[in-house]
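Asks: Using the hints, position chain B with the ligands against chain A.
Take a look at the letters that make up each chain.
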Amino acid sequence: MNQSEHNKRQLVVIGNGMVGHRFLENLIDGGGLDKFNVVVFGEEPRAAYDRVHLSEFFSGKSADDLSVVKEGFYQQAGIELVLNRRIQQINRAEKTVIDTEGKVTPYDELVLATGSYPFVPPVPGHDRKNCFVYRTIEDLEALQACAAHCKVGTVIGGGLLGLEAAKALKDLGLETHVVEFAPRLMAVQVDDGGGRMLRRKIEQLGVSIHTSKNTQQIVDGEQAVHQMQFADGEQLETDLILFSAGIRPRDELARDSDIEIGERGGIVIDNQCRTSDRAIYAIGECALWQGKIFGLVAPGYQMAQVVADQLNETAQNEFAGADMSTKLKLMGVDVASIGDAHGQTKGALSYQFVDEEKEVYKRLVVSKSRKKLLGAVLIGDSDDYGSLLQMMLNDIRLPAEPAQLILPATNGEAPKGLGVAALPETAQICSCFNVSKGDLCQSVASGCQDLASLKADTSAGTGCGGCSALVKQVLDHELEQLGVEVKKDICEHFPHSRQELYHLIRVGEIKSFAEALNAHGGGHGCDICKPTIGSILASTWNDYVLDRNHAHLQDTNDYYLGNIQKDGTYSVVPRVPGGEITPDKLIVIGEVARDFNLYTKVTGGQRIDLFGARVHELPDIWKRLVDAGFETGHAYGKSMRTVKSCVGSTWCRYGVLDSVGMAITLETRYRGVRGPHKIKLAVSGCTRECAEAQSKDFGVIATEKGWNLYVCGNGGMKPRHGDLFATELNDEELIRTIDRTMMFYIRTGDRLQRTSVWMENLEGGLEYLREVILEDSLGLCEQLDEDMARLIANYECEWKRTIEDPEQLKRFRHFVNSDATDDNVVFVSERKQIRPALDEEKQQLIAIA
Amino acid sequence: MDTAKSKWITVCTQEDMVPYLGVCALVGNEQVAVFLVDEQFYAISNYDPFSRANVLSRGLVGDLKGELVVASPIYKQHFSLATGACLEDDSIHLAVYPVRMQDGLIQVSSESVAESKAA
Ligand code: SRM
Ligand SMILES: Cc1cc2nc3c(=O)[nH]c(=O)nc-3n(C[C@H](O)[C@H](O)[C@H](O)COP(=O)(O)OP(=O)(O)OC[C@H]3O[C@@H](n4cnc5c(N)ncnc54)[C@H](O)[C@@H]3O)c2cc1C
Ligand code: SF4
Ligand code: FES
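Which chain is which? The protein sequence lines are A and B, in order.
For the first sequence, the UniProt record's numbering begins at 1 and goes up steadily by one.
For the second sequence, the UniProt record's numbering begins at 1 and goes up steadily by one.
The following block holds chain A by itself, in its conformation from the complex (with noise of 0.2 angstroms):
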């Protein structure tokens, strides 16, 4: 039975962050909610998001992306969730809390979940203007406005978060730098050697780095807002300044009311999280643990499930500590740090790999007897990150040449290190949601087969993604064990992927259906198989699709080269390359428009169609159309579809390029290229952006310096923006690196997925992408240049070889063996124009015919 409302007991959280969050899911999750009446106080206008991932505000994740609240969460729940709210003290004898409206809240149990705030050092000159910090949505929009306005940005702080700002830094454009107190990059956690190598590295990608500079002052620059002064009599002008020199914990509260804090600052807490005061708790990065503040999302989930397990009564879970290894991506360098990085334990022994030529470095710190990994560095190559951990976190005992760990493997080798199969099933293979392996087995012997659901169903790898690869070779490994194969047939006509069949028809030089069938393939294929490697077949050789031996491969929208409508007739669009058109090209599409009396409608894709064709009227209407100059707009095919612009610098006052001309340019460039889905592009004269090209598989928008691209963005049915891939090309590398990307999506791409969701299940996503395009790490870029050429070279529009090709047009008509129409396709008129009747209509009109 339910203890009714006012037996319960009144929980009061403050601060609904990260951590505050997931304590009240575990919360309810163990039933909490019928022993407590839940309040929870926050201080930011919005309720938790995921701050781990807040850079990714810049790459066009919404506020409502961030969020990590599930939708309706607090209402269903109950909770009531106080927001804008700042909680300004504890009165711990009456046990009420007081916020900042004055308002008096009675706790039976208190949790702090206050988190922390960005260190500003107290230089003088730290409160001038166009001076930030890096932790809240609110601090990121007030940089990125004020970065509108600004060409130089420094930070100051060369640690994780520092690079991670710079990074935004530089991607707002801004010639960035960044200013570190001590005389190495990430001090914390890499080592001299891995220092070096990663400055070398982040100073390639055009950022400017300061090592040992102690700012002194900042004061009024002469080129730019602020000019920094160093203790060693150096300066940097710059117009914007982010500090990020470490996080302080919010103890202010605590302190206020006399709770323990540490000396340095934090809130104390014991193995069960308890402060001083035992009716009151602190998780995650308020709270200070044998002396240790956690500035990782994990170890704060780690306190939250302690303390709800508390108060729920479930079990008698303690707080242990936490590793503070990290795997992350700085911009686009790869950096690893495990245990103690530092080899600080006495008596460790280390080994180091450095490889100047690929900017590689790797250190393994071992214990003195060499049975123990202690610690790692990794930078530039951080694929052994998980197993090294896996080793390190479970004792698994060392082979007997322990550098042959981070050498790299010669060719034909064995994989080295320790694969998952070495791993105890108590092993934590993901830290963010502490799933063990033993738990991954479980999932996935429950069915879930696939890593999409696997990750769905135990939440590993959703956190900060570290462990991705990992839980894949889990996932790899208990297939294998179960004896299921790893399947992603198309169908039952082909055990393989449409990655695998690209690759088959390509290498094999196949180039009909019959022979991929014979080769790779049995019975007669299917309404799957056939479009998919007719497509294939086309992105591959551009043939002409209604070729005798490709027709039957075709979906009707290819075959009678139109889209089918519900009544069974097709919709006619001319391409309008850019949408810009002349007015006799206008005048003759509603000539024809008229003459077939064809509905007509306005496209969301910068075009006119046409509507309401019979088949046999087809090639009638194309024929004008092709004679007055069009040519098809593949509104039909898995293809590209039309390059959306804006009207651009010819006469827009803000226009900075021509905008109207380059997507003219693109969309000649790419009209009959086939893919795996469709494919649009976009391109804005400034950064306005009426093309909306950041909702583009490809969108373009120009900038003073030259053209940005962005890519994988889609409209449609679940929205995505488009990722910042590249900056200020010019219309030869705009173009190159466009033909590059496209390329890779049509080999690569599955069926019918469409650009956004393959960036999605790219393994490595963006930076992958950015490797393999930019910087040509697959060695691939020159097939991929060779493979478009060869599409462009082979254009021709379907629709005017179709009409002067006699025997195209025999299909053309409904019936083999009369020339009367369907007398089921019956139209109706509505303002003005025709639509197809509704039965009703139909019976009626029939019943008076």
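By construction, these hints were calculated from the structure, which means they are not laboratory data.
Bear in mind the structure is a predicted one, so any value in this text is a computation, not a measurement.
Hints may be right or wrong, so weigh each one.
[Unchecked claim] Each computed DSBU-like pair below joins lysine-lysine, with the alpha-carbon atoms no more than 30 angstroms apart:
| no. | chain 1 | residue 1 | chain 2 | residue 2 |
| --- | --- | --- | --- | --- |
| 1 | A | Lys678 | B | Lys7 |
| 2 | A | Lys601 | B | Lys7 |
| 3 | A | Lys718 | B | Lys76 |
| 4 | A | Lys511 | A | Lys678 |
| 5 | A | Lys129 | A | Lys705 |
| 6 | B | Lys76 | A | Lys511 |
| 7 | A | Lys8 | A | Lys103 |
| 8 | A | Lys810 | B | Lys76 |
| 9 | A | Lys371 | A | Lys327 |
| 10 | A | Lys832 | A | Lys842 |
| 11 | A | Lys8 | A | Lys129 |
| 12 | A | Lys842 | B | Lys76 |
| 13 | A | Lys70 | A | Lys472 |
| 14 | B | Lys7 | A | Lys810 |
| 15 | A | Lys800 | A | Lys623 |
| 16 | B | Lys76 | A | Lys566 |
| 17 | B | Lys65 | A | Lys511 |
| 18 | A | Lys832 | A | Lys566 |
| 19 | A | Lys566 | B | Lys65 |
Replies: Using the frame of chain A, we list chain B with the ligands on its own:
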């Protein structure tokens, strides 16, 4: 019962048929979709009961678990070429028509056979 020769209506020639590509024939007042697969002819109703449009001759032809089928071009349900049965909805059976080739001419019987509902 199959003796009424007058029921056979010539709809086209062998050259008009391309393997896997359907054609639509007007047989009496009925629209019939005719297909050629592995040198065998099949004929079923052209009417797609899901979209209520006459479009099945324009569907993709293939096989599912060994059964030859055509997929509706509109909402993609599959219909057996041999029996007219819908694979996604067993309450739906399309009319099936006898079809044959004589002297290079394709002929469809105007008398459909209802799907074998165990006599
Ligand atoms: C005609 C048009 C609507 C209009 O009247 O404006 C349209 C019509 C259709 N859209 Fe669209 N879409 C049209 C612009 C869009 C846009 C806007 C744009 O391109 O700027 C979008 C969102 C942008 C995007 O794609 O990211 C859009 C997102 C979709 C989607 C969802 C795709 C997704 O990834 O979520 C589908 C379904 C699909 O492709 O699977 C779709 C599918 C369709 C189909 C093909 C559905 C179908 O199979 O019948 C419609 C038939 C087109 C026809 O008969 O010609 N249409 N469709 C627009 C044609 C533009 C053109 O000139 O080619
Ligand atoms: C840019 C960035 C990148 C990061 N990257 C990583 C990463 O890759 N991996 C990782 O593990 N960690 C990362 N972190 C750290 C991680 O975000 C924190 O460890 C985590 O957010 C801590 O959660 P918390 O709930 O303790 O604190 P917070 O998320 O800070 O939440 C505390 C909340 O309490 C509110 N509050 C404070 N005082 C009061 C009061 N008196 N009344 C009401 N409300 C109050 C605050 O406004 C805040 O909303 C990153 C942090 C940042 C800023
Ligand atoms: S995006 Fe810029 S250039 Fe293009 S129309 Fe809008 S304001 Fe003008
Ligand atoms: S360790 Fe962060 S998501 Fe798994």
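Asks: Of the hints stated earlier, which fail here?
Replies: Violated hints: 1, 2, 11; rest satisfied.
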